[in-house]
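Line by line, the protein sequences give chains A and B.
In the working numbering, each residue's number is its place in the first sequence (first place is 1) plus 890.
In the working numbering, each residue's number is its place in the second sequence (first place is 1) plus 890.
Take these hints with a grain of salt, some might be off.
[As the list claims (entries may be wrong)] Calculated lysine to any residue pairs in the SDA-like style (CA-CA distance at most 25 Å, straight line):
{"#": "1", "chain 1": "A", "residue 1": "Lys1235", "chain 2": "B", "residue 2": "Gly1127"}
{"#": "2", "chain 1": "B", "residue 1": "Lys1208", "chain 2": "A", "residue 2": "Asp1316"}
{"#": "3", "chain 1": "B", "residue 1": "Lys1251", "chain 2": "A", "residue 2": "Glu1205"}
{"#": "4", "chain 1": "B", "residue 1": "Lys1208", "chain 2": "A", "residue 2": "Gly1134"}
{"#": "5", "chain 1": "A", "residue 1": "Lys1208", "chain 2": "B", "residue 2": "Pro983"}
{"#": "6", "chain 1": "A", "residue 1": "Lys1235", "chain 2": "B", "residue 2": "Tyr1202"}
{"#": "7", "chain 1": "A", "residue 1": "Lys1208", "chain 2": "B", "residue 2": "Asp1230"}
{"#": "8", "chain 1": "B", "residue 1": "Lys1242", "chain 2": "A", "residue 2": "Asp1124"}
{"#": "9", "chain 1": "B", "residue 1": "Lys1208", "chain 2": "A", "residue 2": "Thr1137"}
{"#": "10", "chain 1": "A", "residue 1": "Lys1208", "chain 2": "B", "residue 2": "Met1052"}
{"#": "11", "chain 1": "A", "residue 1": "Lys1208", "chain 2": "B", "residue 2": "Asp1316"}
{"#": "12", "chain 1": "A", "residue 1": "Lys1135", "chain 2": "B", "residue 2": "Pro1245"}
{"#": "13", "chain 1": "B", "residue 1": "Lys1135", "chain 2": "A", "residue 2": "Ser1213"}
{"#": "14", "chain 1": "B", "residue 1": "Lys1251", "chain 2": "A", "residue 2": "Ser1169"}
{"#": "15", "chain 1": "B", "residue 1": "Lys1242", "chain 2": "A", "residue 2": "Gly1134"}
{"#": "16", "chain 1": "B", "residue 1": "Lys1208", "chain 2": "A", "residue 2": "Ile984"}
{"#": "17", "chain 1": "A", "residue 1": "Lys1208", "chain 2": "B", "residue 2": "Glu1185"}
{"#": "18", "chain 1": "B", "residue 1": "Lys1242", "chain 2": "A", "residue 2": "Glu1178"}
{"#": "19", "chain 1": "A", "residue 1": "Lys894", "chain 2": "A", "residue 2": "Lys939"}
{"#": "20", "chain 1": "A", "residue 1": "Lys1208", "chain 2": "B", "residue 2": "Pro1184"}
{"#": "21", "chain 1": "A", "residue 1": "Lys1208", "chain 2": "B", "residue 2": "Val1049"}
{"#": "22", "chain 1": "A", "residue 1": "Lys1307", "chain 2": "A", "residue 2": "Pro1295"}
{"#": "23", "chain 1": "A", "residue 1": "Lys1135", "chain 2": "B", "residue 2": "Arg1249"}
{"#": "24", "chain 1": "A", "residue 1": "Lys1208", "chain 2": "B", "residue 2": "His1255"}
{"#": "25", "chain 1": "A", "residue 1": "Lys1251", "chain 2": "B", "residue 2": "Glu1205"}
{"#": "26", "chain 1": "A", "residue 1": "Lys1208", "chain 2": "B", "residue 2": "Ser1169"}
{"#": "27", "chain 1": "B", "residue 1": "Lys1242", "chain 2": "A", "residue 2": "Ala1168"}
{"#": "28", "chain 1": "A", "residue 1": "Lys1208", "chain 2": "B", "residue 2": "Glu1178"}
{"#": "29", "chain 1": "B", "residue 1": "Lys1208", "chain 2": "A", "residue 2": "Pro921"}
{"#": "30", "chain 1": "A", "residue 1": "Lys1235", "chain 2": "B", "residue 2": "Glu1205"}
{"#": "31", "chain 1": "A", "residue 1": "Lys1135", "chain 2": "B", "residue 2": "Thr1241"}
{"#": "32", "chain 1": "A", "residue 1": "Lys1208", "chain 2": "B", "residue 2": "Lys1235"}
{"#": "33", "chain 1": "A", "residue 1": "Lys1251", "chain 2": "B", "residue 2": "Gly1206"}
{"#": "34", "chain 1": "B", "residue 1": "Lys1135", "chain 2": "A", "residue 2": "Asp1124"}
{"#": "35", "chain 1": "A", "residue 1": "Lys1208", "chain 2": "B", "residue 2": "Asp920"}
{"#": "36", "chain 1": "A", "residue 1": "Lys1251", "chain 2": "B", "residue 2": "Tyr1202"}
{"#": "37", "chain 1": "A", "residue 1": "Lys1208", "chain 2": "B", "residue 2": "His1256"}
{"#": "38", "chain 1": "B", "residue 1": "Lys1135", "chain 2": "A", "residue 2": "Arg1249"}
{"#": "39", "chain 1": "B", "residue 1": "Lys1251", "chain 2": "A", "residue 2": "Glu1175"}
Derived by calculation from the structure, the hints in this document are not laboratory data.
There are 2 protein chains.
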Amino acid sequence: MDPKSFIENHKDRLLSELFELLRIRSISADPSYNDDVAKCAVAIEGHMKSIGLENVEIYPTSGHPIVYGECLVDSKLPTVLVYGHYDVQPADPIELWDGDPFEPVIKKTDIHPEGAIFARGACDDKGQMFMHLKAFEILKEQGDIPCNIKFMIEGEEEVGSMNLESFIKNYRDKLACDVILISDTGMIANDVPSITTGLRGLSYVEVEVTGPNRDLHSGLYGGAVANPLNILADMIGSLHDEQGKITIEGFYDDVEAVGTEERAIMAQAPFSQEEFNASIAIPAEKGESGYTTPERTSIRPTLDVNGMWGGYIGEGAKTVIPSKAFAKISMRLVPGQNPDEITQKFINHFTKIAPASVRIKITPHHGGLPYVTHTSDPAYKSASKAYETTFGVPALPVRSGGSIPIVALFEQVLGAKSILMGFGLDSDAIHSPNEHYGLFNYFKGIETIPYFYKYYSSIRTNP
Amino acid sequence: MDPKSFIENHKDRLLSELFELLRIRSISADPSYNDDVAKCAVAIEGHMKSIGLENVEIYPTSGHPIVYGECLVDSKLPTVLVYGHYDVQPADPIELWDGDPFEPVIKKTDIHPEGAIFARGACDDKGQMFMHLKAFEILKEQGDIPCNIKFMIEGEEEVGSMNLESFIKNYRDKLACDVILISDTGMIANDVPSITTGLRGLSYVEVEVTGPNRDLHSGLYGGAVANPLNILADMIGSLHDEQGKITIEGFYDDVEAVGTEERAIMAQAPFSQEEFNASIAIPAEKGESGYTTPERTSIRPTLDVNGMWGGYIGEGAKTVIPSKAFAKISMRLVPGQNPDEITQKFINHFTKIAPASVRIKITPHHGGLPYVTHTSDPAYKSASKAYETTFGVPALPVRSGGSIPIVALFEQVLGAKSILMGFGLDSDAIHSPNEHYGLFNYFKGIETIPYFYKYYSSIRTNP
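For reference, chain A alone in the conformation it holds in the complex:
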């Protein structure tokens, strides 16, 4: 049976099973929901067993458990590791939801005229993760499982996947694979499928500028003492030049330039600068000279102040020269750049430009490696062909400006690339009230995934 017919025949069950999963309040961030998270792991375990996966097991961690199951058909076939998560974001602010976040309902929207499932986790990631289990059912029913398939579904993605690294290091052999398949991202539009091929890395530092050892009266001392806020503002201002380039020495040294051809393909993705500006109500865009907005947010590194504070920030006027000023500064990195090296370059530069009248302290926070899957990768090609089969058009490669640190981690520990076959839309309101996931997207995902296995097996066994 082909995927489309399977879905047609089982539509009600495919929905009711997902709805049951969505009813479980598996909020990983709030310890008062620990029992619900555990219950959700058991539900996933049940689904894995019922579709015929083997060696299904719930692996406890020092946080929430990881559910694993596999189907090893032939050691000569390629192996795909499916990663997803069954935990969800908290539902706050609950009063902004139109209904109970944990009682899924189907409602039509402008973007989803055929209806969308409204519930916390509908898209992120229960809906998208569950597609993979249902796609496996199709393979099973077809009696043709073209790859070895492993499932690793965790319960801590929304709180930083703290225990995933030690798990994959401990079970490196069990998790051995040729590629990792993840549906936890989005695509451009329902008629413009896309695959996320790049993720930016991150370097994040907190800086503290100290002037006098206590807050001073700005009348009595003003003019003769370096004011840490003025100094920090000036230093931050100097981190970009007139062209929007970052002035940190050596910052761009290791950036892998993206070729004209890939930039041309990227430029095919529909984009309106006018609509972009209107969507966030900005009077004009601003960024590095020589690049478009989609390029600035994907293939170019950035530096942003994420928070800054110091002095008197209450109501009214107080005349103080603060002893200290603070800023949180993050840099998004692109392939070639190493977060530790960039952090060190920042520290060197910031220390160098600090005037003698202040003291500087810089504390690095956790960073993340940038990531890229090249469009020449067989797994990428297989995924793109799968989309073409079911959507009628090939998927566009898209580099995302965000960071998913686990993807770089998988590459480091398991030595395998990840294919980010996301079926969500930007408008799905993940992490926000009224999260939803289109019926079109849910069923299209289930329909598309089996083709990935088919094409990937074929391209790997007959390269």
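Following the hints, position chain B against chain A.
Same frame as chain A, but now just chain B:
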């Protein structure tokens, strides 16, 4: 009887009367002390009557009352209006006091080996204000009152003197005077008497920079959107040039340059850059090229960020591009500069340098006029001579970097200059725990003030 003998004969009473006053918890900022403030006004009224002032009256205001009394001896003699205040700062943090802030005790300190009175208001301003009432007693006892003397003692100085302006406007004729005498400042040291001749004015603005209409994910949007914090930092950084000069167009246009001679006299005041830096633990000073630290804090205008905030300022790392960034910015002004004009110049400049990618909102707070009494003023000369008589050395003219808006107000409404005969020391911890006032300073003030009247009457009647 000369002032010195009077003090010797009445020492115990001069202290016990002040102690009684210090025991009254006249905290103007806290409405739960309203009764104490009222009680203090009555105590001042009693003192005025007991020393023989006439037309003594408590004038209610919409806040705390003003106590007035006068001694008009001869319309041909000059008239001096004494201003002071009987309200005090709150005593918080109370746990940092060595004893009850409202139970005065005498203790020796390194700077006050002969002892100092420890209590809230000991220096600011009950002790200094009370010196004037006691100095009048001396004149009375001498039987020679060389000036018409008016006393105006208010109860809202520590909360901004909100009702003083309307009072002096309403009673402009009653308060008519040739000069105003105030002891609510300090002097350099007990062996280096000084008179505050200049006060800086103030312009204070709050700026708000808006980029996108909501906080954005710095990964998804970073690089393509003006970050209000980066923009505001850059704009603030540009407000000073390499020489520490303020770059606002026309900022220095109306600054009255201080002549070489006055700068030379100012330079006589003892000052050690090394000790200054050590006192506030700064690695190096910083300010406008071509001026010393005492000049930078007195005769030159400044621009300081008093507070700045935006984005994520909690623990850890969040990757947000904030919708808004804020700063409170104040400028200290010197004679010649007008606060309203400077505020307008700031607004013009800041609006002009803002990039097209953000929106700017600027809210002015209350400002204040700068003030100067020239050393050629007869009242200044009289005061300086009075110090010379009792201290053995003339007072140095000192310009303070701070602002006392009422002094400019007196000049505007009453058309009279103020002489700031302060006897406190910087180390007296006014507004802080363990406020104190040296016995030397208290008695020396009482001794010095009568000579001011004598010399001022003489210089005015025989110019």
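Evaluation of the provided hints:
1. For the hint pairing A:Lys1235 with B:Gly1127, the CA-to-CA distance comes to about 22 Å; that is within 25 Å, so the pair holds.
2. A hinted pair counts as satisfied when its Cα atoms are at most 25 Å apart, and B:Lys1208 with A:Asp1316 qualifies at roughly 20 Å.
3. A hinted pair counts as satisfied when its Cα atoms are at most 25 Å apart, and B:Lys1251 with A:Glu1205 qualifies at roughly 16 Å.
4. With a C-alpha separation of about 23 Å, the suggested pairing of B:Lys1208 with A:Gly1134 holds against the 25 Å cut-off.
5. Restraint check for A:Lys1208 and B:Pro983: satisfied, since their Cα atoms lie roughly 19 Å apart, inside the 25 Å limit.
6. A hinted pair counts as satisfied when its Cα atoms are at most 25 Å apart, and A:Lys1235 with B:Tyr1202 qualifies at roughly 24 Å.
7. Proposed proximity of A:Lys1208 and B:Asp1230 is supported: the alpha carbons are some 18 Å apart, at most 25 Å.
8. Note on B:Lys1242 and A:Asp1124: the hinted pairing holds, with a Cα-Cα distance of about 18 Å set against a maximum of 25 Å.
9. In summary, the hint linking B:Lys1208 to A:Thr1137 is supported, as the alpha carbons are separated by about 23 Å, within the 25 Å threshold.
10. For a cut-off of 25 Å, the pair hint linking A:Lys1208 to B:Met1052 stands: about 17 Å separates their Cα positions.
11. Between A:Lys1208 and B:Asp1316 the alpha-carbon distance is near 20 Å, which keeps this suggested pair within the 25 Å criterion.
12. At roughly 16 Å between alpha-carbon atoms, A:Lys1135 and B:Pro1245 fall within 25 Å of each other, so this suggested pair holds.
13. The suggested pairing of B:Lys1135 with A:Ser1213 holds, with an alpha-carbon distance near 22 Å, which does not exceed 25 Å.
14. At roughly 22 Å between alpha-carbon atoms, B:Lys1251 and A:Ser1169 fall within 25 Å of each other, so this suggested pair holds.
15. Using a Cα cut-off of 25 Å, the hinted pair B:Lys1242 and A:Gly1134 holds, with the two alpha carbons roughly 19 Å apart.
16. For the suggested pair B:Lys1208 and A:Ile984, the alpha carbons sit about 22 Å apart, so the restraint of at most 25 Å is met.
17. For the suggested pair A:Lys1208 and B:Glu1185, the alpha carbons sit about 23 Å apart, so the restraint of at most 25 Å is met.
18. Between the alpha carbons of B:Lys1242 and A:Glu1178 the distance comes to roughly 22 Å, so the proposed pair stays at or under 25 Å and holds.
19. Pair hint A:Lys894 plus A:Lys939 holds up; C-alpha atoms about 24 Å apart against a cutoff of 25 Å.
20. A hinted pair counts as satisfied when its Cα atoms are at most 25 Å apart, and A:Lys1208 with B:Pro1184 qualifies at roughly 22 Å.
21. Of the supplied pair hints, the one linking A:Lys1208 and B:Val1049 holds, its CA atoms being roughly 13 Å apart against a limit of 25 Å.
22. Proximity of A:Lys1307 to A:Pro1295 is assessed by CA-CA distance (about 13 Å); at most 25 Å being required, the pair is judged to hold.
23. Proximity of A:Lys1135 to B:Arg1249 is assessed by CA-CA distance (about 22 Å); at most 25 Å being required, the pair is judged to hold.
24. The suggested pairing of A:Lys1208 with B:His1255 holds, with an alpha-carbon distance near 10 Å, which does not exceed 25 Å.
25. Proposed proximity of A:Lys1251 and B:Glu1205 is supported: the alpha carbons are some 16 Å apart, at most 25 Å.
26. Distance hint between A:Lys1208 and B:Ser1169 is fulfilled; the C-alpha atoms sit about 22 Å from each other, no more than 25 Å.
27. A threshold of 25 Å between alpha carbons decides the hint, and for B:Lys1242 with A:Ala1168 the separation of about 24 Å falls inside it, so the pair holds.
28. Restraint check for A:Lys1208 and B:Glu1178: satisfied, since their Cα atoms lie roughly 23 Å apart, inside the 25 Å limit.
29. With a C-alpha separation of about 21 Å, the suggested pair B:Lys1208 and A:Pro921 falls inside the 25 Å cut-off, and the hint holds.
30. For the suggested pair A:Lys1235 and B:Glu1205, the alpha carbons sit about 24 Å apart, so the restraint of at most 25 Å is met.
31. Simply put, A:Lys1135 and B:Thr1241 have alpha-carbon atoms about 24 Å apart, close enough for the 25 Å limit, and the pair holds.
32. As the CA atoms of A:Lys1208 and B:Lys1235 are separated by approximately 21 Å, the hinted pair is consistent with the 25 Å bound.
33. Between A:Lys1251 and B:Gly1206 the CA atoms are separated by roughly 16 Å; this keeps the pair inside 25 Å, and the hint holds.
34. With a C-alpha separation of about 14 Å, the suggested pair B:Lys1135 and A:Asp1124 falls inside the 25 Å cut-off, and the hint holds.
35. For the suggested pair A:Lys1208 and B:Asp920, the alpha carbons sit about 19 Å apart, so the restraint of at most 25 Å is met.
36. The straight-line distance between the Cα atoms of A:Lys1251 and B:Tyr1202 is roughly 19 Å, inside the 25 Å bound, and the hint therefore holds.
37. Under the criterion of a C-alpha separation no larger than 25 Å, the hint pairing A:Lys1208 with B:His1256 is consistent with the structure, at around 11 Å.
38. At most 25 Å may separate the alpha-carbon atoms for a hinted pair to count; B:Lys1135 and A:Arg1249 meet this at roughly 22 Å.
39. With a C-alpha separation of about 19 Å, the suggested pairing of B:Lys1251 with A:Glu1175 holds against the 25 Å cut-off.
Of the numbered hints stated above, none is contradicted by the structure.
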